[in-house]
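Enquirer: So the protein sequences, as listed, match chains A and B. When we follow my numbering, the leftmost residue of the first sequence carries the number 1, and every step to the right adds one. When we follow my numbering, the leftmost residue of the second sequence carries the number 1, and every step to the right adds one.
By construction, these hints were calculated from the structure, which means they are not laboratory data. One or more hints might be untrue.
Stated by the list, open to error - Pairs of lysine-lysine, BS3-like flavour, derived with a Cα cap of 30 Å: (1) A/K134 x B/K97; (2) B/K233 x A/K22; (3) A/K97 x B/K96; (4) A/K134 x B/K96; (5) A/K134 x B/K134; (6) B/K232 x A/K97; (7) B/K22 x A/K233; (8) B/K59 x A/K134; (9) B/K232 x A/K96; (10) B/K251 x B/K284; (11) A/K59 x B/K134; (12) A/K97 x B/K134; (13) B/K134 x A/K22; (14) B/K59 x B/K22; (15) A/K22 x B/K232; (16) B/K134 x A/K58; (17) B/K97 x A/K232; (18) B/K22 x A/K232; (19) B/K96 x A/K96; (20) B/K97 x A/K96.
Unchecked claim - Output of the computed footprint for chain A on chain B, the stretches with three or more beta carbons under 8 Å from beta carbons of chain A: (21) 24-37; (22) 77-84; (23) 105-115; (24) 122-129; (25) 136-146.
We put the CB at the ideal spot given by N, CA and C, even for glycine.
Listed here are the chains, written in short residue letters.
Number of protein chains: 2
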Amino acid sequence: MQFIEEYTAEIEYEISQLKTPKTPTQLYDPIRYFIDLGGKRIRPILTLLGGEMFGLHKKQTIKAALAIEIFHNFTLLHDDIMDQAPLRRNKTTVHKKWNLNTAILSGDVLLVNAYQLLQQQQGNIRELLFLFNKTAVEVCEGQQIDLNFESQNNITIQEYEEMIRLKTSVLLACALEMSAIIAQTNQQNRQHIANFGLNIGLAFQIMDDILDLYADPTKFGKQIGGDIIANKKTMLHLLAIQQANNLQKQKLETIKHEKNKKTKITQTKMLFDQLNIKELATQKVNTYFEIAQQEIKEIDVSQKNKEKLIKLSYFLLDRQS
Amino acid sequence: MQFIEEYTAEIEYEISQLKTPKTPTQLYDPIRYFIDLGGKRIRPILTLLGGEMFGLHKKQTIKAALAIEIFHNFTLLHDDIMDQAPLRRNKTTVHKKWNLNTAILSGDVLLVNAYQLLQQQQGNIRELLFLFNKTAVEVCEGQQIDLNFESQNNITIQEYEEMIRLKTSVLLACALEMSAIIAQTNQQNRQHIANFGLNIGLAFQIMDDILDLYADPTKFGKQIGGDIIANKKTMLHLLAIQQANNLQKQKLETIKHEKNKKTKITQTKMLFDQLNIKELATQKVNTYFEIAQQEIKEIDVSQKNKEKLIKLSYFLLDRQS
Numbered sequence: 001m002q003f004i005e006e007y008t009a010e011i012e013y014e015i016s017q018l019k020t021p022k023t024p025t026q027l028y029d030p031i032r033y034f035i036d037l038g039g040k041r042i043r044p045i046l047t048l049l050g051g052e053m054f055g056l057h058k059k060q061t062i063k064a065a066l067a068i069e070i071f072h073n074f075t076l077l078h079d080d081i082m083d084q085a086p087l088r089r090n091k092t093t094v095h096k097k098w099n100l101n102t103a104i105l106s107g108d109v110l111l112v113n114a115y116q117l118l119q120q121q122q123g124n125i126r127e128l129l130f131l132f133n134k135t136a137v138e139v140c141e142g143q144q145i146d147l148n149f150e151s152q153n154n155i156t157i158q159e160y161e162e163m164i165r166l167k168t169s170v171l172l173a174c175a176l177e178m179s180a181i182i183a184q185t186n187q188q189n190r191q192h193i194a195n196f197g198l199n200i201g202l203a204f205q206i207m208d209d210i211l212d213l214y215a216d217p218t219k220f221g222k223q224i225g226g227d228i229i230a231n232k233k234t235m236l237h238l239l240a241i242q243q244a245n246n247l248q249k250q251k252l253e254t255i256k257h258e259k260n261k262k263t264k265i266t267q268t269k270m271l272f273d274q275l276n277i278k279e280l281a282t283q284k285v286n287t288y289f290e291i292a293q294q295e296i297k298e299i300d301v302s303q304k305n306k307e308k309l310i311k312l313s314y315f316l317l318d319r320q321s
Numbered sequence: 001m002q003f004i005e006e007y008t009a010e011i012e013y014e015i016s017q018l019k020t021p022k023t024p025t026q027l028y029d030p031i032r033y034f035i036d037l038g039g040k041r042i043r044p045i046l047t048l049l050g051g052e053m054f055g056l057h058k059k060q061t062i063k064a065a066l067a068i069e070i071f072h073n074f075t076l077l078h079d080d081i082m083d084q085a086p087l088r089r090n091k092t093t094v095h096k097k098w099n100l101n102t103a104i105l106s107g108d109v110l111l112v113n114a115y116q117l118l119q120q121q122q123g124n125i126r127e128l129l130f131l132f133n134k135t136a137v138e139v140c141e142g143q144q145i146d147l148n149f150e151s152q153n154n155i156t157i158q159e160y161e162e163m164i165r166l167k168t169s170v171l172l173a174c175a176l177e178m179s180a181i182i183a184q185t186n187q188q189n190r191q192h193i194a195n196f197g198l199n200i201g202l203a204f205q206i207m208d209d210i211l212d213l214y215a216d217p218t219k220f221g222k223q224i225g226g227d228i229i230a231n232k233k234t235m236l237h238l239l240a241i242q243q244a245n246n247l248q249k250q251k252l253e254t255i256k257h258e259k260n261k262k263t264k265i266t267q268t269k270m271l272f273d274q275l276n277i278k279e280l281a282t283q284k285v286n287t288y289f290e291i292a293q294q295e296i297k298e299i300d301v302s303q304k305n306k307e308k309l310i311k312l313s314y315f316l317l318d319r320q321s
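The task is simple: from the sequences and hints, build the whole structure.
Expert: Dropping the structure here:
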């Protein structure tokens, strides 16, 4: 969609204009490297679009938008260490390209940088800070719960949804709610836009799980079936366990130890297809997406003002990567 | 000194009252463990005393004081990872007792917790946040420069002083300057109290280097000569290199590889004594200490109001541990 590309380009430009000191180079080179890796820049776009919906110019919300994006980059940088990830957006991760200490410390500085941007945002700074802090803690809690899942069995779908709510959705909600705080709109509007973001976030994250296996390989940026190879407990996996009979459960357990990647993916997919997993997961996506649409409907501004945000939400769900 | 013990106890109590959620336990158990390890609690005491000097009750500065202390704990927790330290205050460090990921993530949450406390501080929150952010970045820069020193030769005394200014002194200055912001005192007073803190910090840190070798072993909490064994480039080491002739420089280089710890310490100390290092370092301490006293003298409040802060500064310099 044309307007999304324009907004992305604008955020890219703003990020390119962020000042990073020259020294110590061991600290600022990785920061510059990491924030220039790009990405969808969804979160800051949400803040800008939220602000415009409430009648603000982009200039009036840009600092908060950048604060959210830099915070998101901080979480990615530290998550890459914890996940021992070699690549981020097809480039070497900071802890691999430099080292562990540099990755920890440059992540710490990115977090403070986010607060520096927030400090420059006009509006009720105490309220913005309260929301930002609360969200930041929740995102860390979500990451911890996700780490716990690696060694935890019998994760319920409810627990999984709580994890993605914390790890992903609250930040999208925060990106939008900040625009409501800056616009000084009423409490109802603020709650509705936050809920819109939260439910889009849940739909988005479950869609991510679906795409990992069912995306169009010619359009998908990563390897298809990566989650299966890594034995990740995704929504697809949890739904499969929920639906499976004892024999199928045993089969799922056996496949986990399959060494041949292609066989592992094919066999899992066959089982998922028997159990109707893609459809069940898609139903979940649709449910959250519909709640989100209901929430934005309730916001007390003109339909015209909501258009871009609604279009963006459809774009996020229709994606193939 | 009686009043210092009272203030320390008060800070300990306030920290014990800080709410930490129960779950995820993997995140909050290490946080609780770490902040309960204790310590001198110098930084928050500085904020309380600064506030009182400007006529504020402790209640009026306690949130900022706690924010500083929690931020300090965040830096210690992450520094312990980077230094691969097994012990902190004679207890197992978080990354050893739990693991790397837990240490990174609980440190991250501590940093956000510091901002949560700051958010609750009365006063000009935007100014407080600006100072806090600036200081936080400087502390991280100081840590990076310190890490660089490990593999760097020919460090100048000026570079070393810049490192300790960033890593240690600016936080002491910030602790005091925040009290000036909260009290809404004039710009001159604010600058003087910040400079007082900065110079006390420099004196304090060089004193730390001296104590590592010259403390009374019956009163010193750690092993005497630990810096020498670790070949740390302390102020003593840098002064020795500055003062040494070529033969003595060679000797210093040779001692670095000595395996016997006792011999290593004794031989280094002999050389330091020949070069008058203890006196030279003490002169530096005294110079910064005197500047600090000059700065506090300039503050436009009654002498009586300055008493506790001056006493604390003497206490910090007279210590044996």
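Enquirer: All the hints need checking, so say for each whether the structure fits it.
Expert: Going through the hints against the structure:
no.: 1; hint: A/K134 x B/K97; result: holds (27 Å)
no.: 2; hint: B/K233 x A/K22; result: holds (24 Å)
no.: 3; hint: A/K97 x B/K96; result: holds (25 Å)
no.: 4; hint: A/K134 x B/K96; result: holds (28 Å)
no.: 5; hint: A/K134 x B/K134; result: holds (22 Å)
no.: 6; hint: B/K232 x A/K97; result: holds (27 Å)
no.: 7; hint: B/K22 x A/K233; result: holds (24 Å)
no.: 8; hint: B/K59 x A/K134; result: holds (24 Å)
no.: 9; hint: B/K232 x A/K96; result: holds (27 Å)
no.: 10; hint: B/K251 x B/K284; result: holds (25 Å)
no.: 11; hint: A/K59 x B/K134; result: holds (24 Å)
no.: 12; hint: A/K97 x B/K134; result: holds (27 Å)
no.: 13; hint: B/K134 x A/K22; result: holds (16 Å)
no.: 14; hint: B/K59 x B/K22; result: holds (27 Å)
no.: 15; hint: A/K22 x B/K232; result: holds (26 Å)
no.: 16; hint: B/K134 x A/K58; result: holds (26 Å)
no.: 17; hint: B/K97 x A/K232; result: holds (26 Å)
no.: 18; hint: B/K22 x A/K232; result: holds (26 Å)
no.: 19; hint: B/K96 x A/K96; result: holds (22 Å)
no.: 20; hint: B/K97 x A/K96; result: holds (25 Å)
no.: 21; hint: 24-37; result: holds (count 3)
no.: 22; hint: 77-84; result: holds (count 3)
no.: 23; hint: 105-115; result: holds (count 8)
no.: 24; hint: 122-129; result: holds (count 3)
no.: 25; hint: 136-146; result: holds (count 7)
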